[in-house]
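Quick note, this note's numbering runs 55 ahead of the 1-based positions in the sequence shown.
Derived by calculation from the structure, the hints in this document are not laboratory data.
The reader is advised that the hints may include incorrect statements.
[Claimed, not checked] Estimated spans, in silico, between C-beta atoms of each pair:
| id | residue 1 | residue 2 | range |
| --- | --- | --- | --- |
| 1 | Glu91 | Ala61 | 30 to 36 Å |
| 2 | Arg118 | Trp78 | 16 to 22 Å |
| 3 | Gly132 | Asn95 | 37 to 43 Å |
| 4 | Arg133 | Arg90 | 32 to 38 Å |
| 5 | Gly132 | Ala92 | 35 to 41 Å |
| 6 | Asn103 | Ile64 | 38 to 44 Å |
| 7 | Arg60 | Lys98 | 34 to 40 Å |
| 8 | Val99 | Asp71 | 31 to 37 Å |
We put the beta carbon where it would ideally sit given N, CA and C, even for glycine.
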Amino acid sequence: MDLNRATSISDAEVKDLFVYHPWNAEQIARGDRVREALGNAAKVVVENVPPSPDRSVALRKIREARMDANSAITHNGRY
């Protein structure tokens, strides 16, 4: 389903979007690699960017990237 172009959404699709989906071993491994890479990015930002509102936003966006990556892994790129 392409949520960017959707004009309606079924109950089953809503449920799929919001229900807990446990990860299999492959998804766990992919998630671990993403978490490690983004964790390293956060460390580099903290160590090299002066404390400021912009740094806070940069770190928040790294966290958001992690959450979006988790969603893509969970849903295998469907959304």
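(request) Hints the structure violates: just list their numbers, smallest first. (result) Checked against the structure, the hints that fail are numbers 3, 4, 5, while the rest are satisfied.
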